[in-house]
Structure formats: structure tokens, C-alpha cells
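Protein chains in written order, with this note's numbering: chain H, 1 to 325; chain B, 1 to 325.
Quick caveat, the hints were computed from the structure, so don't treat them as lab data. Treat the hints with care, since some could be wrong.
Copies of the same chain look alike in the list, so a pair counts if it fits in one copy or across any two.
[Unchecked claim] Pairs of lysine to aspartate or glutamate, EDC-like flavour, derived with a Cα cap of 20 Å: (1) LYS129 - GLU118; (2) LYS122 - ASP75; (3) LYS115 - ASP75; (4) LYS173 - GLU54; (5) LYS220 - ASP10; (6) LYS184 - GLU214.
Number of protein chains: 2
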Amino acid sequence: MLKTKHEKSDKKIVVIGGGTGVFTILTALKPHFRNLTAIVTMADDGGSTGVLREEFGILPPGDIRRALIALSSSDNVMLANLLSYRFEEGVGLTGHSFGNLMITALHRITNDFEKAIEEAGKILVTEGKVIPVTLGHSQLVAELENGQIIRGESNIDIPNHDGNLKIKRAWLKPEVEINPNARKAILGADLVVIGPGDLYTSLIPNLLVKGAREALQKTKAKVVYFVNLMTKHGETNRFAASDFVNTMRNYLGDGVLDFAIINNKKPSPAQLSSYIKERADFVNPDLNNIPPKKNFMPIATDLVRSKGLIRHDSEKVAKAVKMII
Amino acid sequence: MLKTKHEKSDKKIVVIGGGTGVFTILTALKPHFRNLTAIVTMADDGGSTGVLREEFGILPPGDIRRALIALSSSDNVMLANLLSYRFEEGVGLTGHSFGNLMITALHRITNDFEKAIEEAGKILVTEGKVIPVTLGHSQLVAELENGQIIRGESNIDIPNHDGNLKIKRAWLKPEVEINPNARKAILGADLVVIGPGDLYTSLIPNLLVKGAREALQKTKAKVVYFVNLMTKHGETNRFAASDFVNTMRNYLGDGVLDFAIINNKKPSPAQLSSYIKERADFVNPDLNNIPPKKNFMPIATDLVRSKGLIRHDSEKVAKAVKMII
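Please take these sequences and the hints and turn them into a complete structure.
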């Protein structure tokens, strides 16, 4: 099969996150960088993933699946469709993602979560690695501004509480250690990209893992945070870009973040209209409210897709990353 | 990856059956023949397959799966394990074969059963084809010697009736037509291998499909029947080789069968002992009870594995087929 050869960069890029954000960034960077590693949260406990966690006692496969699909270079385009397929029928199958079932089955065959991911990667012919941020089992817990405690990622994410209340802090229970392979990847990286993604349910759970902050503080890699395009009800209501950045810097600790990349192009009214029912708003690019720090630079630029869902545009993301690295 | 090159024959071989028999024959012939086609029964309605038939309204995937795995030439050995994996946990997943779920998901994505098989074949890198004997949905029905009617393949197979009673006749309800691709394969074959396999629940359901007998009567291919090594309680109690052959010839019609290949080596007592609880007996190779016919030859030879489960030995099967073709 004839393939156009790209001149891909050898720079080592580590993407940290979860959910569709990781998928978006990996898809954007894949044509330009050959050494991609995704470190993904192990806090997810909703939907198909939640059922499999409970019934099989495995680590959550959903974010692994999304990252593997993004990194797939298989000529078989059906494979990505298959791995993304979600059953809509069947008493026991409805809601299950086929890819999640594959990772679960591979775990049962290999009896090793990382080996299962490796085998899934072979089937998908992935270029790059997907690493669970921890191999420990724990639950995400959040305290709201009124003192209420919310247990479980999916209860925070949905939200199963008054979504107008701010999240005061989040932690993992029990505490879990960073996966040594995740630590090694961070320490060996040239660039670490955090986000975009749900702040408290996809990004911060990675930083709450014991040893993650230390690795990010120790690495020589530049650390970049892609601020979300839209707020999320129950997590980041009325957040402006400065709120995202300040929260992220709180969890990362001083001196870690080198760049925050902020979208300054407001999506079209047609694009925004479909977000009204989700109570999601455009994130105001208020760079002036971000306190200046030594060796830290917030950057505002047009990052949004011009049509359809309000997502980071692949080419614009790749351009921004190439400029920084 | 270095691979030893075999000199494979170009002869077109069609294997007709279902269950583990098809797997055994395909596995035996794969190293020697490059043009293998499996035509498999669509009568199965038990276990994981039965649930998927009922809940998704699809044709039964189980026999397709086994044949695809047998024909896989993927370097990825984990794939065959994965496709054969059966979930043992989970309220909704227990008992489901991962491979069946894959075929079901591919069917939902492609909305076409044969296309789903083709895509599964691509993933498994199969050498050869797997063809459902019919694309029509129907149920296997059997009448016992006492006049009792048993509906559904799995009720006959288990058996859900007095297993000592003989099956008088079997039919499909409603009648279904042969898959044109199955017909084409039979007509274009150099050799058609029927069996081994459960006589009434894996082999005969293929012959009951409208047009199957006609295709087998019309083909210039030699037609060979591998008689089972052991009887099956509820289907072929106390059957000797002559009973198998006579029944098969009844369903095939006159002049179709060229060879019946019968094992004459009794397995060891150790091998036989594990079949006592299944009430399965060694099939007596009573060649003298098979009425002679023009252009038909029963052949008795050692076909059994020397150890473990009483199955056809791959090398002995391959040798027998090579002699005939």
C-alpha cells in the first residue's frame, strides 16, 4: 500500500489526560511526532468502564481504549470503528464498548493490565504507547464549597449534585502510587502536554497520584497546559481561562507549568447553540487575570474547529505544539 | 519474520460442518492446502450464540468464529486466544465468547453478516473463506422414533429429551435457501469434506438447506465424509460406522458420496474413560455392514490422536485427504 512519508519529529511527547481530550491531542500530533506517549487517568468509574471495574475488578479501560484508537496506524480502518463500537442491544451488553470488552478479555488472558494494553496495541498497530498513570485502584473524591463530599468520578462528572457549587478540592482514596512507566516517560520527555479535558475528572486525577507532581517537577521537559474551550457544568461553571490556569498551577505546584495555551476565537452562534442544554459556556480568554510568573507564558490563539462540535482543531493544535517544542 | 515456506496445493477444498469438527479439519488441512473454504451450519441456537441470536436477531456466530480462528494466519498468536476467550464474570457477559461479540459488533457496523465475516477475517488474517450455508433464519427440528418433536438445535444437542430415543428425521423450519456463495464454492470445488461433527446438529443442518443437496449432486468435486470417532448421546447412541454412513447417504441422496473415511484404531482405555460420563462410545468400524455402491468406497484407517481428547489427528487427516485428492 502506498503511503505518503511524513517527516516526523523524534521529540518525545507525553500527553497527560483522559476522555476525548487525549484522543483529540494524540490525533492532532500523530502526523507530526513519532514518539508519542499517552498517560491516562485511572479514575473513571462510569458507564461501561464502571460496570467492568465492578464486575471484573480491573482498572478502567475506557481512557486506555480512546488513546489506543488515536494512536492506531493500522491499515484496517474497520478496527477503529470496531473498538469504538458501543452495543445498543442485549440485556447484558447494552452500553458496553467493544474496545473495553477487548481490554477486559486481554486482561483476563494475560492477567496483567499493562500487558493487556500492549497486546491491544499490537492488534491496533499503535505508533506510540499508552500508560495508565497508576496501577493502583482508587476512587476520586471531591469536596464542594459547601463541604459536601462527592465520591466517585462519575458522580462528580454527571454531576450528581448541585452543579452550581464549586469544587473546593479533590483527592484519591486510597492514595495510589504513580506507575513507574509513567514516571519514566515523564522524566524522559521533551514536552509534556496536559489537557484539554475535564479539569477535575480527567486531568487532575493524574496529578493526584503520588509521585506525579514530583516527576513533573523533576522533568527537563517543557510542560504545556491546553485550557478547555468550554466550561463544564458541575466542574468548571463560569470558569475563565485564568481560573483553569490557576487551578492547574495549584495542583501542579510552583514552577512546573511553562505554557498555557488558550483559545481566543469564539465559536459561531450555531456551534454554541448546541451547548446551551449542557450549560456549557465559552471560556473567556482573560489573559490579563493570569498572574505573571517567571518562566511561565500564557498564549492565546485561535485553536477551535470552524465547524461542528466545539473541539480543538488538529492542525491548529499541531502548529502550537511545534512552535513551542 | 522468517517463515518456512510450505509447498501448498492449489486444489480447492470445501469443508462442510460445524462445531469443533470444522476446526479440526481446517487446522489439519491448512498447512497443505491454500484454497480452503468452510461452509458452516446456521442452526446453532445454544449458549452465547443463542443469546446473541435472540437479542440481536443475527445469524449464529459461533461456528463462523471457530472456522475463522482455524484459518487465521496472523503472526499475532494472542488474537486466536482472544477470539476464543469466554467471559466467566459479569452479570451480562458470563458465557459470551469474545469472538461472537466481535462478529456481532461487526454485523451491527456493516449491517451485513457476510461483510462482518469478511472484516473479522481481515482482522484474523485468514487464509481461506468462511461461508454461512444460508443467510436465512430458521430453526432445526427433529422427530424422535416415538413421534416426539424437538425444536431448536440446542434442545436436540444437549439433549433435552430421552437421549436413548433415536432421531427419525430432521428438518429446518422455515425452509431456507442455500447462500449463493456456498453454492458457488461447492460447484467450484475439487474436494468436498463433510464432517466430522455431530451428525444431526452440525452436519445434516447444512444438507437440509434448500439447494445444498442439489449443489452436492451437481459438483464435479469428490465428496468425502469423515465419520465420527465417538457416538453422541441423544443423537447417535450405539451408532456404528455403517449407521453414520447410511444416515449421511440418506440425507445426501444417491451417488453423491465418493468416500467415507472411518477410524479403525480404538483409543486407549485412558482416553476412553473420560467419555463414560458423556455416555459416548467408540464408533465400531463395521465396514462389512455398509452396502456396496458403485463409485463409493468406505476406507478404514487409523485417524485418532494417540493422546488426550479423542479427536482426529491432524497429520493422519491430512494424509488421508492427500491420498484421495
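Evaluation of the provided hints:
1. LYS129 - GLU118: within (8 Å within a copy, 29 Å between copies)
2. LYS122 - ASP75: For LYS122 and ASP75, both the intra-copy (13 Å) and inter-copy (10 Å) Cα distances are at most 20 Å.
3. LYS115 - ASP75: The answer is between: 17 Å across copies meets 20 Å, while 23 Å in one copy does not.
4. LYS173 - GLU54: within (16 Å within a copy, 42 Å between copies)
5. LYS220 - ASP10: Only inside one copy: LYS220 and ASP10 sit 16 Å apart there, 60 Å across copies, limit 20 Å.
6. LYS184 - GLU214: Within one copy only: 12 Å inside, 66 Å across.
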